[in-house]
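Respectively, the protein sequence lines represent chains F and V. All residue numbers for the first sequence refer to this note's numbering, where the first residue is 1 and numbers rise by one. All residue numbers for the second sequence refer to this note's numbering, where the first residue is 1 and numbers rise by one.
Simulated from the structure, these hints should not be mistaken for laboratory data. Among the hints, a few may not be true.
As the list claims (entries may be wrong) - Here are the computed lysine-lysine pairs in the DSS-like style, where the Cα-Cα straight-line distance is at most 30 Å:
# : chain 1 : residue 1 : chain 2 : residue 2
1 : F       : Lys342    : V       : Lys56
2 : F       : Lys105    : V       : Lys292
3 : F       : Lys65     : V       : Lys310
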Amino acid sequence: MIRIIAKKEIRTLFREKIFWIVAVVLLLLLAASLVNSSISVKQLNKERTEAQHMSREGWLMQPPKNPHSAAHYGNFAFRIKSPLSFFDNGLDAYTGTYLFLEPHKQNGDKFSQAEESSSLLRFGELTPAFVLQMILPLLIVFAGFGAITREKEGNTLKLLLAQGSSIRKVVIGKIAGHWLAFLLLLLPFFIVAIFVLASFNQQTKVDWPRLFLLFGTYLLYTGVWIIITMLVSAYSVTSRSALMKLLGCWMLAVIIIPKLSSNIGTVIYKTPSQFQFASLINKDVEEGIDGHNPYDKRRETLMDATLKKYKVKKPEDLPVNFDAIAMIESEQYTTEVFRKRKEEVDELFIKQNKISEWACFLNPAQALQYSSMAICGTDYSHYHDFQNQAETYRLYFVNTMNEYMSTHTRSGDWVTRFGKDTYELVKPFSYQSAALSFALKHQQLSFAALLVWIIICILLIYQTNKIKAV
Amino acid sequence: MKVIYQYEWKQLVRSSAFIWLTLLLFAIGLYAIFYGRNEVKQQQFKISLLRENIEKNNLAMADSLLKKDTAASELGEFTGRLHANNPDGIAALSFGQRDIHKFAQHITNGSFFYNKYATGYYNKTMSGEIVNPFKLLAGHLDLSFVFLFLFPLYFILLSYNLFSSEQENGTIGLLGMQPVPVKIIVLHKLLLRLFIVALSGVSLLLIGGLVNYTITDFRILLFAAAFISYLICWMGIIALLISFKRSSWFNALALVAVWISFTLLLPSILNAILNTRYPVHTKTELAAAVQKANAEFFAMDKKTKTDSFKHTFPFYANSFDTIGSWEDPKFYRVTHTLIDNYVLPFEKERINLLKKRNEFSTSLSYFSPTLITQNIFNDLAGSNMSQMLQYDTSAWHYFKQISRYTDDMIFLKSNRADSKDFEKLPLYEYKPVIKNSVIVLDLLVLVCAGVLLLLSSGFINNKR
Chain F
1 MIRIIAKKEI RTLFREKIFW IVAVVLLLLL AASLVNSSIS VKQLNKERTE
51 AQHMSREGWL MQPPKNPHSA AHYGNFAFRI KSPLSFFDNG LDAYTGTYLF
101 LEPHKQNGDK FSQAEESSSL LRFGELTPAF VLQMILPLLI VFAGFGAITR
151 EKEGNTLKLL LAQGSSIRKV VIGKIAGHWL AFLLLLLPFF IVAIFVLASF
201 NQQTKVDWPR LFLLFGTYLL YTGVWIIITM LVSAYSVTSR SALMKLLGCW
251 MLAVIIIPKL SSNIGTVIYK TPSQFQFASL INKDVEEGID GHNPYDKRRE
301 TLMDATLKKY KVKKPEDLPV NFDAIAMIES EQYTTEVFRK RKEEVDELFI
351 KQNKISEWAC FLNPAQALQY SSMAICGTDY SHYHDFQNQA ETYRLYFVNT
401 MNEYMSTHTR SGDWVTRFGK DTYELVKPFS YQSAALSFAL KHQQLSFAAL
451 LVWIIICILL IYQTNKIKAV
Chain V
1 MKVIYQYEWK QLVRSSAFIW LTLLLFAIGL YAIFYGRNEV KQQQFKISLL
51 RENIEKNNLA MADSLLKKDT AASELGEFTG RLHANNPDGI AALSFGQRDI
101 HKFAQHITNG SFFYNKYATG YYNKTMSGEI VNPFKLLAGH LDLSFVFLFL
151 FPLYFILLSY NLFSSEQENG TIGLLGMQPV PVKIIVLHKL LLRLFIVALS
201 GVSLLLIGGL VNYTITDFRI LLFAAAFISY LICWMGIIAL LISFKRSSWF
251 NALALVAVWI SFTLLLPSIL NAILNTRYPV HTKTELAAAV QKANAEFFAM
301 DKKTKTDSFK HTFPFYANSF DTIGSWEDPK FYRVTHTLID NYVLPFEKER
351 INLLKKRNEF STSLSYFSPT LITQNIFNDL AGSNMSQMLQ YDTSAWHYFK
401 QISRYTDDMI FLKSNRADSK DFEKLPLYEY KPVIKNSVIV LDLLVLVCAG
451 VLLLLSSGFI NNKR
């Protein structure tokens, strides 16, 4: 019976003008978003890869210098966009494109797309994720709000029931029919998306598990909206009231709750200002992390330890450059201070974001949004990971130069110069993109919420037998 | 006519859906006012912290200058001035782009562009604020959002079946027997709804004005005018669709489709067009220029550096022979000035491109009444992109003023400064420029579009 209803539903859908309007709008939007987004990602990655090479060349082409001075030339860490960011740009528009890495200072990332954009950007970016997350649910509602109410209004539901069916079977049949119809619509898009992704990754392989998880998640999301639409239609008396309820749900799910939950997060957990943050770091560096270990004392302790290590009494007798050793220690110390304070800010952001993540249990649209960003490598944890890798590289290249200076010169020697061979000791920066397990680990709540939504939907379908036919 | 209004009003207040919808909208509106107020207070608090710190340093400097003079280079280096984009009460109603851009900078000596583009979290306020990108993505739920997104939907839900419900309930014949034409009755029904929606919005605006202490600000009136013009535009759209005399569900679907096109789809498509015409390139040249300038000018020998400085700034050419080493203030001023001078053309290119991009974006916004109204709201609140750009560039001009003032003392007055010199350190308060003529033009566009759509609906009514 379910199969017959599903077949009939697909046939009816394909006969309806509104479904074809929905189909054309959806496919046109998806095609436009795919073209727009993939061109943009390709262009940006080309620019950033070239810029990263230029930065490397600039580093190696420096004239001979004292190694610490050479480190001051600095290096750039450009953020290469993840291949799947063409599908979901996530936070990428709101985070910077590069970090300038230099001794003594931890810089913030620069030039986010948002800084250079007008308020148009705040309405959303035309990416496949935008279309599938925001527009697709509305199209599902348009195509399905009257699926069961019209059977009631036309008294055909009673006929169906008289033929031995139950309301539950009718609902399941309709869900299956609509799901299959939308699957047929989305399938060509997914196939084209795979080709687009393959064109990005000519050197590396397509990350199939990530891709299938992404498509699977979107298909589940499509299913959740179809189930909600059918359930509302089944519980409503008229098509008009079903439409109103569903539009209300859509409005809450894709526009109000995401904003509200994020806004509440920042109202509860207040972000410190740049000035407050910098003041804390300055204080820690000057007075020591514990407040009782000032810079002079740290330097004195280090001097004693170094003299002891080399079994000499005066700094002039040291076989190494103590200035460079002090700089290594100082670099490690300031990095420790920075990481500690940065971690506090990150934890604050995580707390702010957690409220939105918990809201996923109220709102499937948010659960999908965060899962999708995580799979595409454009969520907060991936951004944080890039910052961490860049900072690790900063400490590595600065201290590689400082260590070279410490072993190849003597204390007070700031004039001996070294060239390209020394600069080549520093390996180029290359961002190692995180594995899928990293994405899953950092978005556990949103993935769990999606599963909970599926369970809720199944339970609600089970309950539909209590609905009256009129 | 009075009977129509009375009857319609009674019908509406009897409807529980109308009451609930209005209450829900009011609740969201009140939250939006609270949210906007909170955002403004947070930024004001952050600005006040920086101001207090700068004032504390300045007081200490003033005290010390009463006892003896000091090196002029220290005026700009250790004290400096605050350069803030202080949000006022109107900004609480439309927060716009304020969360993306910096709003409090400590202008000191040094290299402006190095501080802006290279030195970040560590010790400077010129490179940007700490923001949660996740929050930026979600956007604001301020009053302008409620006006732009939710009020048109409220209007649609109250009005989509004005004519079709009469057809569907079989009362259209009765209406046709009245001495007044049906289209006029429908228009009055629509006007009543416009009045209700506008009154709800203006009430929220007044509450917002009271809460933010801006009720006497003239801009509140313009804010209300923009909101009402936006509603007039929507009234035209609704009237036009109703005039096709289709079923209620068709009207609802079509109006929601128009709503989503204007509020979501069109802006995202226009943004894509904007990005195609003016792509947001990685600022490789600018970033490399900062890096190169910093490395090269510090490594450059004193003679070449001095000659280069004197060539660029001839008014200081005769004041000194050559710069000293690291301990000489002239060493830093010359090096930092040369760095800024080198980077300036790259920065100008960035600003010019941003201006062009922003102008194109503004022209694109005429495709959607939502975007036009948002521009008006943001303009009034000093929260739009062009005003953020003004603030950004004014920081450079203010820095130039301060550094020129201290440089004159460093290079021309043997680097000495007393308390009078310190008192005269330039002061500047940033105020966003609000272009009233553009706002009036935008208001006219909205009203004209609304009237044109209303006239079109009348024409279609006559035809059918």
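Against the structure shown, which of the earlier numbered hints fail to hold, in ascending order? The structure breaks none of the hints.
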